[in-house]
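*Asks:* Letter by letter, the chains look like this.
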Amino acid sequence: MTTAIELEKVRITFGTFTAVHDTNLDIRDGEFFSFLGPSGCGKTTLLRTISGFTEPSAGVVRIGGKDMAGIGPNKRPTALIFQNLALFPMMTVAENVAYGLRVRGVGKSEREQRAMKLLDQVALTPHAHKKISALSGGQKQRVAIARALAVEPKVLLLDEPLSALDLKLRQHMRRELREIQQRVGITFIYITHDQGEALNMSDRIAVMNAGHIEQVGTGREIYSKPQSAFVASFVGESNELPGKVSRISDGMCTVDTPLGALSGRVGGDFRVGDAATLFVRPEQLRLAAPGGDHAFRARVDDLSFEGSMTHLGLDTGLAQDCAATLMTSNHESLPEIGADLGLSFNPLDAIVLKSGAPAA
Amino acid sequence: MNNLDTTFIATALVVVLFFFLVRYDRQRRPEAIGFFRRNGAVVGGYLILGVGFWLIMTFIMPMVFMVDLSFHHKLPPSKVGGPEDVYTLDNYRMFLFGSRTSTESLNWLHLRSFFATIGISMALTLITFAISYPLAYYMAQSAKAQQLRVLLLLLIIPYWVNDILRAFSFRILMAENGFLNGILQGIGLTGQPIDFLGQNIALYVALCYSHLLIMIFPLYNAIDAQDHNQIEAARDLGAPWWHIHLFIVMPHAKPGIGSGMTLCFMLTAGAVATPLVLGGPNSLWFTPIVYDRFYQLFDWPQGAAYAIVLLLACIAIVFTVLKLAGLKLGEIAK
Amino acid sequence: MNARFVTSRVVIFYLVLFFIFLLGPLAVMGVTAFNTPSYPQVWPIEGLTLNWFTELFQDQEMLEGLRTSVIIGLSVAVLSVAMGLAGALVMTQLFGTSRSYYYFLVVAPVLIPGIVLGISTVVFWRDFTGILGMRSTLYNGTVLTILAQSSFVSSYCMLIILARLQRFDVSQEEAALDLGATYPQVFRDVLLPFLRPALLSSGMLAFLTSFENYNATTFAILADKTLTTVLASRVRMGSDPTISALATVIIVLTIVAALVFEWLKRREQKRAQLLQRERRRLEAAELL
Ligand SMILES: Nc1ncnc2c1ncn2[C@@H]1O[C@H](COP(=O)(O)OP(=O)(O)O)[C@@H](O)[C@H]1O
Ligand SMILES: [Mg+2]
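Residue numbers (our numbering), protein chains in the order written: chain A, 1 to 360; chain B, 361 to 694; chain C, 695 to 982.
Pulled out of the complex, with its shape left as it was, chain A reads as follows (with noise of 0.2 angstroms):
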């Protein structure tokens, strides 16, 4: 496969502060990526310097191998759908549409055509000749996709287009916006602050962090091998328990806790003696049967019901909240508050990271 996008040592700075650290990245033709980061992390920014809209203050992009650095954002291959979508109040949603198309001096009749094509793979061929004003959320969002996709860009930047709409609307477009993705074949690249987004939607992330790439991976990746402490607690539920590497053998470790010695996969690189955090997520807790063999005790101090799912609350005693999630049909009866329990894991489903800063 053929790279899209290349960033090369890109930093980005605005005056003395600096959004984006040296950042390296291959974004692969045709794939679905998105950056995925807390709000304020960097990612809009990375965005608008893909696009053209701000310049590296050092580093190389490059789009289809070819450096873009003094090239305009009228000129690169790329289209962006902007967070408020920035459609033009003044025009029809076909004017919408065609707007690429005319301004490259495509004639009317054509560009007409085109847009009524696009407009029905949308679905909104019945509102082509309404203002903008007079859509919903929904079909506004279509609009900016069918408006982004007429000038046949080689790559879709999209900014947080979901996050206007409410729940149910939002679910709805993440389908959408793949079978999109997967019918034109160009390449998606997505940013969210929403994890949800991300592991549904994307073939790869980058989690962000404070301006720096932490891990790029497949969703799975991510969730399942996470590469710091920021990614294994903003990606998904994690209960952290922190404490010092006593033994390394093998690709696993043990942590001295103040609730015990635990064992994990080894996740960075370390030696006896450091601070490491041990990750493990509570649907990987199990409950050790009364008197049987047991990672580390805890106390039930809220349990929430909820169908095929039970979530436990769990008291240890730690400054950081623990929590379980049990399948139901596992159990033939549930714990009950304020029980003292034994709890275990496979140490395979562990990982133990560098302690770093909480995520935000």
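Any given hint might turn out to be false.
[Stated by the list, open to error] Think about it this way: if two alpha-carbon atoms lie no more than 16 angstroms apart in a straight line, the pair counts; the simulated EDC-like pairs of lysine to aspartate or glutamate are:
| # | chain 1 | residue 1 | chain 2 | residue 2 |
| --- | --- | --- | --- | --- |
| 1 | B | Lys-504 | B | Asp-584 |
| 2 | A | Lys-75 | C | Glu-972 |
| 3 | A | Lys-131 | C | Glu-972 |
| 4 | B | Lys-434 | B | Asp-652 |
It is worth saying that the hints were derived from the structure and are not from the lab.
Position chains B and C with the ligands relative to chain A; hints supplied.
*Replies:* For chains B and C with the ligands alone, kept in the frame of chain A given last:
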């Protein structure tokens, strides 16, 4: 060197200073895109031409030329630029001390008129403010939407009737045998008709009238922007009404008050039409004196000097007031 | 009697006095336009007549003045909107010190008495047209008045346009660029349509301001005559009910214009409400 050369040089300095500042600012913001890359040749050309013509041809050059002219003698065209065309302060001396043949120590006629104009304009500005403030407050904080619409409509009507006609209506109203005297005599308030015109009362009333709206709209906008809850809260706390206005509404509306007062003062002091129509025989307004330098005496340099004196006085007063009130020019010019 | 009652009476009393002051003089003048005596007389009404209106519409000097006023007003409107727009756009592209300097230059004309602007225009253009060799064509009252008025009317226009420009959503411009538009295309397709309401209202304001201007005009008009300068010389010479008739016409036109404006605004509001309702309906349907 003729007058225009000085003008061109001074204007060039203003323009060069501008470009120098632009360059300086750009060095501190290297990420800004170049002017022509930003706008393209056509739009860029339009912007430069539009702003250039406006500021240079209709404003800066005429102003500079007028200043320059005020330092010259009145000369017949043949002698302009000749050896007799030297710089002089005579026109300003004339304003202060009168002509060289005059026996008085100071030019009392003009000075008195000048200071009277400034002083009366200030007083009228305050009166106009006092009349306008309650209405502006009422419109902004108390009136319902429907009432507001009617009030605005009623206010708009006199706004587009020009100064001459407004002044004319006061002449009809306040003439010796006019309507107002008729009423006053009819109800026995006065035996003799009052000479509103001769005493300049009509002039002052009309000046006040003409600038009511100039005052009301900025006031209204400023008071309207204040959250009504603040006022309610103060009232709940038991603040007396004058306290609320003086310490809650007015400080908040300061930019609006500054803007209304500044405009009102400038327009009153610089009024031409109203004194022309309503000025009594012993009217002291300064603008007719300036007008006469021009179109009675045809002494343009002296007229220019007088205009500059008026301009400087206005600027000085406005800036002093702004300074005292702690306002910036940008806040009032909206 | 409670305090609220007293307050409301005081407010009503004040409002009545205020509007008597504001509208009374105009009403009085209006009456004289229909009264027969040839000196504008309010009372007694000696007989109703439309004579003064007939005379007004046959008054060649006034009609000539009106024509010049309209020519000047239209030219000032076109020039000032164009220059004010350029001024506002340049403002948005400046920052730091140059912006303050520039702001001072473009706002100054508003704060300079009209009489000073009129005088400076006349004295400068007399000599300037001289060295251009165009004194016979350019140095005339109409041209000078247009120039003198444009200097400060452009500032008004600029301030109006700037106010709207500050509400411009930059992502609109970026979206157009991103779709491949050049900056001039962005200007034409996105910025100008967005500014349209401000351009129209500033043009209207420019025309009306020019039409009723006297201070700058009286110096710059030279041998020509606008409606206001004709009026001024008439009023100076003596009173005459045709002037009242003219004022009445202007007042009636103002009222009609204001009412039409009000009606348009309401229609616009109603349309916006309809759109909103339609959108809500669509949104509801989408979630089913
Ligand atoms: N034009 C700018 N000037 C200065 N700081 C900026 C600018 N744009 C963004 N930033 C800063 O860069 C950081 C990253 O912003 P952004 O990329 O918008 O974050 P997000 O990940 O939420 O999209 C923020 O701290 C923001 O304040
Ligand atoms: Mg963002």
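*Asks:* All hints are to be evaluated individually against the structure, with a verdict given for each.
*Replies:* Hint-by-hint comparison with the structure:
no., hint, result
1, B:Lys-504 to B:Asp-584, "holds, 13 angstroms"
2, A:Lys-75 to C:Glu-972, "violated, 38 angstroms"
3, A:Lys-131 to C:Glu-972, "holds, 12 angstroms"
4, B:Lys-434 to B:Asp-652, "holds, 15 angstroms"
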